[in-house]
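These two chains come separately, so use the hints to put the complex back together.
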Amino acid sequence: MILLDHLCRDYLVGGQTLRALADVSETIEAGEHVAIMGPSGSGKSTLLNLLGCLDRPTNGRYVLDGQEVSGLSTHELSMVRRHKIGFVFQSYHLISRLTATGNVELPMVFAGIPRSERLKRVAETLDWVGLSARAHHRPDQLSGGERQRVAIARSISMKPRLLLADEPTGNLDSAAGAQILEILETMNRDGLTVITVTHDPGVGQRAQRVLVLADGEVVRRVPGREIVEAYADFNREQQASAGSSS
Amino acid sequence: MMILDCLRMAGTALVRQRLRTGLSLLGVAIGVMSVIVLTSLGEGARRYVTGQFASLGTNLLVVIPGKNETTGGLPGMGGAPEDLTLQDAEAIVRRIPGANAVAPMSMATDLVSYGERGRQVPVIGTTSDFMIARHLRMAEGSFLPDVDNDRGAPIAVVGKKLAKELFRGERPVGKVVRVGDWRIRVIGVMDSRGVSVGLDMDDCVLVPVATGMRMFNRSSLFRILVDVKVRADQDETKNQVIRLLADRHQEEDVTVLTQDAVVSSFSSILNVLTMALAGIGGISLAVAGVGIMNVMLVSVSERTFEVGLMKAVGAKEHQILGVFLLEASLLSSLGGGIGLGLGLLSVEILGKVFPKFPAASPLWAIGLSIGVSVTVGVVFGLIPAHRASRLDPVVALARSK
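One line per chain: the protein sequences are P and Z, in this order. Each residue of the first sequence is one higher than the last, beginning at 319 in our numbering. Each residue of the second sequence is one higher than the last, beginning at 4 in our numbering.
Check each hint, because a few of them may be wrong.
Distance condition first, Cα-Cα at most 25 Å in a straight line; then the derived DSS-like pairs of lysine-lysine [stated by the list, open to error]:
1. Z:Lys241 x Z:Lys70
2. Z:Lys167 x Z:Lys359
3. Z:Lys164 x Z:Lys355
4. Z:Lys359 x P:Lys477
5. Z:Lys163 x Z:Lys178
6. Z:Lys319 x P:Lys438
Hints were generated in silico from the structure; no laboratory data involved.
In isolation and in its complexed conformation, chain Z is listed as follows (with noise of 0.2 Å):
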C-alpha cells in the first residue's frame, strides 16, 4: 500500500465528515494560531526591550549609585552608601583613558512653560558629552556647550515635539522658557531621536548639569554615562570605572552597567516570557489534539464495518493502523497549516495597527508549533488508529448487520 493510496483514503474520509473535520481543523489552528501569535508578541516585547537598550549605544557604560550583586535586584532600586558627585565623572574624564565621552545626568520632572502654554516634562541636566553618548543630533541651534561643569548657564536644549507643542510655529532658538521658576533661553532643538529605556528624548529639555543641579536642588548625580572608545576595551574600561570609584568612596559602592549585559539579561528574561506564551498556546494545541482524538474514536466506530471489509479483504493490522493514523495526521497537519497561516497574518496585521512594536514570531515557534501539530495528530491519533487495527473482523462485519 502506498503513501499516496493513503493519502486518499484518509482524504476522501475527511472530506465526507466535512463539518466535523472543519471543527477539527479549527480547534488545530487556533492552537497553532494561538502559539503563533503569542510568541510573536512575546518576541516583539524582547525585540522592543533590547532595540530600546541598543539605540543607547552598544559602546554604553552606565554607573549607577548602590551595589546589589549580592540580591540580584535591579541596581539603582536599593540605597546608595555614597551619592555619584560631579567630582566622580571628571575623575573618570581624567583618570580612565579609554572614556571617549563622559556624561553625569541629573534629572527630575518639573513644568515647562512658554507664554501660555505648558506642561510637566522630564528635565536632565548633564553636559556636552550627553550628545556623544546618547547618539543625538541636533535639528537647528547648538548643543549644549563644553564648558566646565559647574558652570551652570541658564540654557536649554528642547527635544523636537516639546518644541512643536510650545512655540507653534515660532523658531524656538533664542526664546525664553521657564523651567519651574527658572527663566531659561533656548539654544537648541534636538532631531527627533523617539522613545529609548522610557525617556522620550523628543519631549524633555536638557539642561547644564550644575543648572540641572541647582534646579532641583540636589547635590548628587542620577547616573553617569560612559561612552568607551573601543568596544573591545568595554570590560576593561568597565573595571576601571568601578575601581577608581571605589577608591574615591573608599568601597566599592556603585553598579556599572554594559549595555550588553542589560541587553543579555532583559533577553533572556523576555525569552522566557516568549516560552511561557508558547506554553499556554500549546495548552489550546493539546485541547486540539484531545478533540481529534475524540473525532477518530467516533470515526473508528462509525466505521467499524469499513474496518471489518478491509480486513476481509486482506489488509493488514499496520495497514489499518496506518490509514486511521495518517487520517489523524492529516486533521493536524492540515489544521496546523491553516493555524500558521492565520498566525503570520494577525501577526502582519499587528505589525500595521502598530507599527512601532516588532511583533515577529520566531522561526523556532513557527517548527515547533508545526512540529507539535503533526506529533499531536500522530500521538492522539495512535489509541483510535490502534483500536480500529486490533478490532475482530467478524465482530467488526457483525455490527454492521
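Extracted from the complex, chain P is given alone in its bound form (with noise of 0.2 Å):
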C-alpha cells in the first residue's frame, strides 16, 4: 500500500541544507499498524509529513495506493489527503468555535458532501467513539480523551484508508491514553492501516513493528512487541555515542 523509495527531505536553513531524512526505503502493507519511534530531531514528523502529503520529499519516490504522490500538485495533493489520509494530532487540533459534531463534520465540508449525508455519518462516527452524548458540545466543555476522541471521529468522517496518528496520547492520562489506543487498534483491526509517531515505547509496542528513527534514517526495524527493550537498548548506544563523541 505505501512504499517509500530512497526518500529524502532536505531544508534550506540560513543558507545551509539541512537533511531531515535521508534515504528512507520501507513498504508498509495496507492493513498494518506501524509505529515511528526515534529521539527528537530525528526526522519522524518529517516522515509522517511526508507521509500524510502535507509535504513533498526533495528525492525519491513516494508511492501510496499505486498512485505515485511524490510529484502531485498542490491541488492533487489536497484530493490525495481529503479521500485517502485521516490525521489525528497530539493536540487534538479541534476548532474551539465548533462543537463536536461540526469539528466531525469539517473534513466532509470541504468534500461537498450534502449536509444531511454528514450529519447521519457523524452521528455513526460520533456513536463509534462513544461520543454520542457530546455532539454538541465545544472543545472546552470536553476532557482530553474525549477531545481526543472527536478528532479520531473526524479522521474517520471521510473514511479513509491510512490513518497518520502524531503522538495521539501526548496529552493524555494512562486511563484515557489507553482508551485512545484501544479505539485505534479496533479502527486497524478493521483494515485501516496505521501509522503512529510516538516517544512512547509503551504506544509503540502496541503496533506491529516498529521503525526506529535517528538522523533522519531507519536504523532499526523491530517488531512492535520487542520495542521495549530494543528501544532501551538503543537510548543506550545513543547516550554512548553521545558521550564518546563529546
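Here's what the structure looks like:
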C-alpha cells in the first residue's frame, strides 16, 4: 500500500542544506499498524508529513495505493489527503468555536458532501467513539480523552485508507491514552492502515512493527512486542555515542 | 463546499470574536452612514434650491441687465451697459406675442411701519402682472390694479406674515402704513407663499412700479419677469426678447434666464457637491476597509492552525480563500446594512427636525454605498484570505504546537 523508495527531505536553513530525512526505503502493507519512534530531531515528523502528503520529498518516490504522489500538484495532494488520509494530532487540533459535530463534519464540508449525509456520518462516527451524548459540546466542554476521540471521529469521517497519528496519547493520562489506543487498534483490526509517531515504547509495542529513526535514517526495524527492550538498547547506544563524541 | 457552509463557518468565526467583529462593523457602518447622510444633505440642498426656482413658475423668463456669457459668471453681477427701463417692459408687452404677463421690478429694502411697529423689509415696485408671473393668491383685499405703468398711486399689497406682525389682529386692508417717508394705503394681503429664491413673499411689500421707482429714486429696473403663454415656445420667446431689447439698446446687453436653465445649472452644481460629499463619505468607508483588512490579518494569524487543519483534511486553496473572503465580505456587508439603516434613520430624523429641508438619500448613493461596502470587504479581505490560502500546511500545523 505504501512504498517509500529512497525518500529524502532537505531543508535550506540559513543558506545551508539540512538533511531531515535521508534515503528512507520502506514498504508498509495495507492494514498494517506501524509505529515510528526516535529521539527529537530524528526525522519522525518529517516522515509523517511526507506520508500525510502535507509535504513533498526532495528526492525519492512515495507511492500510495499504487499512485505516485511525490510529484503531485498542491491541488492533487489536497485530493489525496481528503480521500485517503486521516490525521490525529497530539494536541487534537479541534476548532474551539465548533461543536464536536462541527469538528467531525469539517472534512466532509470541504468535500462537498450534502449536510444530511454529513450529519448521518457524524452521528455514526461519534457513536462509534462513544461520544453521541457529547455531539453538541464544544472542545472546552470536553475532557482531553473526549477531545482526542472527537479528533479520531473527524479523521475517519471521510473513510480514509490510512490513519496517521502524531503522539495521539501524548497529552492524555494513562486511562484516556489506553482508551485511545484501543480505538486505534480496533480501527486497524477493521482494515485501516495505522501509522503512529510516538516517543512512548508502551505505545510502540501495540504496533505490529516499529521503525526507529535517528538522524533522518531508519536505523532499526523491530517487531512491536520487542520494542521496549530494543528501544532501551537504542537509547543506551545513543547516550554512549553522545558521550564518546563529547 | 456549499455557500451555506461557507457562511456558517464565517458566521461562527465572527460571532466568536464579538468585540473585534463589533468594532469592524462599526467602522463600515459609520462609513456607509456618512455616505448616506452626506449625500442626503447634498441632495436635499439640490432639491431645495431647484424647488425654490421651480416655485417661481416653469414658464418664467427673467430679464437681467448685463451680459456675462463670456465670463460665465452669474448674470447681473457685472456692469450693465444700458439700464432696463419701464419702456423696455412696455415694448415686450406690445411686441412679444408669446408673453402672457410682463412684470417689471424695482426693488429696495426700506422701513415699513404701522403705528409704533415697524421693521426693514423688501419693497418691490411692480405691476398687476407680477401676480401671474409669481403665481400669487390673495388672502384678502385686491392686488395691484392693472393701470398704466407710470401711474404711481400710494397703495400697497403686503405679505401675510408682515401683515400679521404690523396689524396684530386689526384688518390691514384700508390701513395706512409708512414706507420710508411715504404714507401708503394697504389694499390687499397676499396669501402665504413662503420663501422663493431668497425672497420671502410673506414678508415683503408690493407697490406700483412707478411708486417704487420714485420711492427708491431710481430710473431703471432691477429686472423684468416674463411669463410665457406656452412652455414649448419658451426658447423662441426668449430669443425674441433678446432681439427686441438689442434693437432698443443698440447692442445685446441683457441676459434672459429660463427657469429650466437656472434649475439645470444649479442642479448640476449641487450634483457635483453631492458627489463630493459622497467622496468624503467614501474615504471613511475606505478607512473602514483598512480596518477590515487589519482584523482579517489578525484573524488569519490567530487561526494559522485552523488553516493548517483545513489543509490537512483536504481543503483546497480556493476553498480556504473563499472562507476568509466570505468572512471579510460578511463583515463589510453587515456593516453596510447597519450603516444603511442608521443613515436612513438619521435622514428621517433630519426631515423631522428640519421639515423644510428635503433631505433624501439618492438611490444611486444607497446602491453605491452598499456596493462599495461589499467591494471593500472583498478587496481588503483579499490579501489576508490569499495569505491564509497559501500557508504551508506543515508550517501552519507546527506553529500551533
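Point to revise | Structure versus earlier hints - violations, ascending order | key: Violated: hint 4 alone.
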